[in-house]
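Q: Please model the complete structure; the sequences and the hints are all you need to start from.
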Amino acid sequence: MAVKFLSPLPFHALLILFTLFTASQAGDIVVYWGQNGGEGKLTDTCSTGKYRIVNLAFLSTFGSGKTPELNLAGHCNPSTGDCQKLTNDIRSCQSQGINVLLSIGGGAGSYSLSSEDDARSVADHLWDHFLGGQASFRPLGAAVLDGIDFDIEHGGNHYAALARRLVERSKGGKKVNLAAAPQCPFPDQSLNGALSTGLFDYVWIQFYNNPQCEYDTNNPNSFKGSWTKWVQSIPAQKFFVGLPASQAAASNGYIPKEVLINQVLPFVKGSSKYGGVMLYDRFNDLNNKYSDAIRGSV
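Going by my numbering, the sequence shown opens with residue 1, and the numbers climb by one from there.
In case anyone wonders, no lab produced these hints; they're calculated from the structure.
Just so you know, not all the hints are guaranteed correct.
Within a straight-line C-alpha distance of at most 30 Å, the following computed DSS-like cross-link-like pairs (lysine-lysine) qualify [said to hold, decoys possible]:
#1 Lys229 - Lys41
#2 Lys41 - Lys174
#3 Lys238 - Lys41
#4 Lys269 - Lys289
#5 Lys174 - Lys85
#6 Lys257 - Lys229
#7 Lys273 - Lys238
#8 Lys273 - Lys175
#9 Lys238 - Lys289
With beta-carbon atoms standing in for the labels, derived distance ranges [stated by the list, open to error]:
#10 Gly37 - Lys229: 34 to 42 Å
#11 Gly225 - Ser47: 34 to 42 Å
#12 Gln212 - Thr80: 40 to 48 Å
Note that CB positions come from ideal geometry on N, CA and C, so glycine has one too.
A: Right, dumping it as structure tokens:
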């Protein structure tokens with residue numbers, strides 16, 4: 001029986017395979033927008049083509065009997081209906097394939113959940129005023145956001161009930177993406193229960209303002225151990241490295257662009273759950289051009 005040798009793949013086939021492989025390793029950049037009037041318009045942020053997800057920051061007051069309040073700093077005044085002008089901006093972003101989420105919580109503000117009933121009530125408010133429900137007054141107008149980001153930094157409980165209620169309300173309609181921005185020490189005191197539900201699509205871990213698990217070129221193992229613990233322990237779809245977009249954006253945790261590209265990204269890309277990089281925030285990214293430098297490597 002004659003031995004039959006297989007002919008090598010033509011160059012164009014190899015190129016296709018290489019493209020598919022590299023695409024599978026590619027991640028996305030997520031950015032927070034809304035806390036600095038100097039960052040420009042939302043539509044301009046999306047039209048750069050840099051970001052796959054934009055978090056509107058923040059709904060900073062909610063729960064425990066408080067009327068939920070949106071705070072978009074110098075961009076608009078939600079109490080007067082001024083923020084409804086963002087409807088077209090949001091729709092423009094979405095038409096470009098960019099998800100726009102509402103981030104609840106933040107480092108400042110007044111928020112807490114007093115009970116599971118309170119959590120469900122807040123979820124209903126989010127559904128009716130920002131997602132697929134209906135309300136007589138919607139702070140951002142008729143635009144339907146793509147999900148909710150949990151940036152809970154004040155401690156507290158009952159966020160699992162909030163997440164479950166949001167998923168329950170969205171059944172049969174447009175999917176509500178759930179995201180979270182926990183601190184890198186594991187587990188996150190406020191969000192561990194919610195993240196353990198398996199309902200979250202995205203987790204952008206804040207590897208800043210937490211020296212014990214930030215990336216240090218002299219001792220990278222703390223960061224690597226934290227990243228590995230998060231990816232292995234939490235049943236979410238995609239995990240992102242959360243970073244300040246400039247040294248001015250956080251007290252500590254900034255990673256120079258070259259270090260991120262050459263040392264951090266090659267490691268985190270080893271996980272099948274790698275999603276990309278989250279940056280805080282658009283204003284600092286605009287000034288430092290961080291995403292410009294890293295986007296080809298993310």
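Q: Taking the hints in turn, state whether each one holds.
A: Hints and how they fare:
With a C-alpha separation of about 37 Å, the suggested pair Lys229 and Lys41 falls outside the 30 Å cut-off, and the hint is violated. With a C-alpha separation of about 26 Å, the suggested pair Lys41 and Lys174 falls inside the 30 Å cut-off, and the hint holds. About 28 Å separates the Cα atoms of Lys238 and Lys41, which keeps this hinted pair within 30 Å; it holds. Under the criterion of a C-alpha separation no larger than 30 Å, the hint pairing Lys269 with Lys289 is consistent with the structure, at around 22 Å.
Restraint check for Lys174 and Lys85: the C-alpha separation of about 23 Å stays at or below 30 Å, so the hint holds. Taking the CA atoms of Lys257 and Lys229, the gap is about 24 Å. The hint holds against a cut of 30 Å. Distance hint between Lys273 and Lys238 is fulfilled; the C-alpha atoms sit about 5 Å from each other, no more than 30 Å. Using a Cα cut-off of 30 Å, the hinted pair Lys273 and Lys175 holds, with the two alpha carbons roughly 20 Å apart.
Between Lys238 and Lys289 the CA atoms are separated by roughly 25 Å; this keeps the pair inside 30 Å, and the hint holds. Between Gly37 and Lys229 the C-beta distance comes to about 38 Å, which sits within the given range of 34 to 42 Å. The beta-carbon spacing between Gly225 and Ser47, approximately 39 Å, falls within the hinted interval of 34 to 42 Å. Under the hint 40 to 48 Å, the C-beta atoms of Gln212 and Thr80, about 43 Å apart, fit the expected range.
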